[in-house]
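Novice: Next come the chains, spelled out residue by residue.
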Amino acid sequence: MKYTEEHEWLRLEDAIVVVGITEHATTQLGDIVFVELPDVGTTVVKDEEIVVIESVKAASDIMAPIDGEIVEVNEALNDNPSQVNEDAIGAGWFFKIKPSDPSQMDGYMDEAAYNAFIG
Amino acid sequence: MSDLLHTPLHDLHVELGAKMVPFAGYAMPVQYPMGVMNEHTHTREKAGLFDVSHMGQVIIEGSNFETVALELEKLIPVDILGLAENRQRYGFFTNAAGGIMDDLMLANRGDHVFMVVNAGCKDPDIAHLKSNLTGLTVSEIQNRALLALQGPAAERVLGALNPMAANMRFMDVATISLAGAECWVSRSGYTGEDGYEISVPSDQAVALATELLSHVDVEPIGLGARDSLRLEGGLCLYGHDIDTQTTPIQASLNWAIQKVRRTGGDRSGGFPGADVILAELANGASQKRVGLRPDGRAPMREGVQLFAGLDDEMPIGNITSGGFGPTVGGPITMGYVPIEYTAQGTAIFGELRGKRQPLTVMALPFVPSNFKR
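Going line by line, the protein sequences match chains A and B. FYI, this note's numbering numbers position 75 of the first sequence as 75, with every residue one higher than the one before it. FYI, this note's numbering numbers position 138 of the second sequence as 1138, with every residue one higher than the one before it.
Everything hinted at is true.
With a straight-line cut-off of 25 Å between C-alpha atoms, the simulated SDA-like cross-links for lysine to any residue are:
(1) K57/A / L1364/B
(2) K57/A / L1005/B
(3) K57/A / P1022/B
(4) K57/A / H1240/B
(5) K1355/B / A58/A
(6) K57/A / N1118/B
(7) K1355/B / T42/A
(8) K57/A / A1119/B
(9) K57/A / N1038/B
(10) K57/A / S1369/B
(11) K57/A / H1006/B
(12) K1019/B / G30/A
(13) K57/A / V1021/B
(14) K57/A / D1295/B
(15) K1019/B / E23/A
(16) K1019/B / E5/A
(17) K57/A / K1355/B
(18) K57/A / L1223/B
(19) K57/A / G1017/B
(20) K1019/B / H24/A
(21) K57/A / D1243/B
(22) K57/A / G1354/B
(23) K57/A / G1239/B
(24) K1019/B / Q83/A
(25) K57/A / H1042/B
(26) K57/A / G1303/B
(27) K57/A / L1235/B
(28) K1355/B / L37/A
Per the computed footprint, the stretches of chain A lying under chain B, defined by three or more beta-carbons under 8 Å from a beta-carbon of chain B, are:
(29) 29–35
(30) 44–56
Source of the hints: derived by calculation from the structure; they are not laboratory data. We put the CB at the ideal spot given by N, CA and C, even for glycine.
Input sequences plus hints: build the corresponding full structure.
Specialist: And the structure:
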């Protein structure tokens, strides 16, 4: 598992990267009430805003952590966005991306570094 | 947050694990560990305790109530003289253009008027009162906290501390003893639920709050849930849904202006902006505040522009409050639209992140009020 400074987690599964946000991020955001996901098949560029999360407090954006193609999105979040709060690193995943340059993952933090980062 | 003011309950909020945020110059709890959604639902189902000590508590005294009422009616377009002793009423200060300077609650306390005004407006409100009232004394109460206990269990909880509380009706006011403190209690609130607002001496506020929170049905509730509760209740937030640019008629607050202050009434007009407000009452306003429900699931918030059609270039209005309504189970908003778009069921659009999304004009409140009338 890798972590970004934007509080996303990235998990490599069979050459596909699953992306979500960390439990720390969900605690900061509060109850999530709406998630707008990208379309499957979209080609995205690192740092492009591709997900909108609405919590009871405010809207925030999630950026593509790496370049690639969106191959699957978590449709369950359309009806049940609170899954992100309940299981941030499991059922609360956002999208799966087929990386065009897997080495972009290397720059991100491991769990120990992320835990140190959030203090 | 070192330069922020603290309410008498500040340390209790921190102890309870509240996330504190700056609000109107005060450090206030926006949520507790329970979270906004659960706090909201808890208040609708049981009872929530809110710290609203940041609001201004003001006493206006004169030789007798009649004198005070008639003077105040020069600034506030509601029937104050006709308010029975120990009854409370909603009102607002208007300016010469008919705009709203602040909204407030006022009560006839026999020999004086007790008023509660918004935190962000209290200094200008008090200055406004002092400079415009002749022969009256205006004092801000600074040694009392203000708590709100809201929700269907509120009567049972407060009635257990003093049975007199349970006998009060909606908008009744009384001085009663609660947990050893002399409290000024009104049966009112700003959540759409039954409940009480309790003015308690500052040095006894923590003890009373702790006593109330010890009840199994009572949880502390922050500003986050206070906002979603009042939005579902169709209630205006000053500085957002109403301000100096909106008249009471545009704000759909006609009900707050009693007949006696309208054209043909015994004390018609005589308040700032009466010409504008009475003309709008007679002829209708060009725009009105309405409830609007986004058809989709995406919340639309304050500032979102409203359009009549998908391709219209000019907006017809904008959203003044919006978010997710936990009891409604979806996004809800309030906003201003021209009079021809105010009929229930009218379909319009809001522009969210560059895309036009449909909204439907709805009756307010979104959640039926549960007052003890």
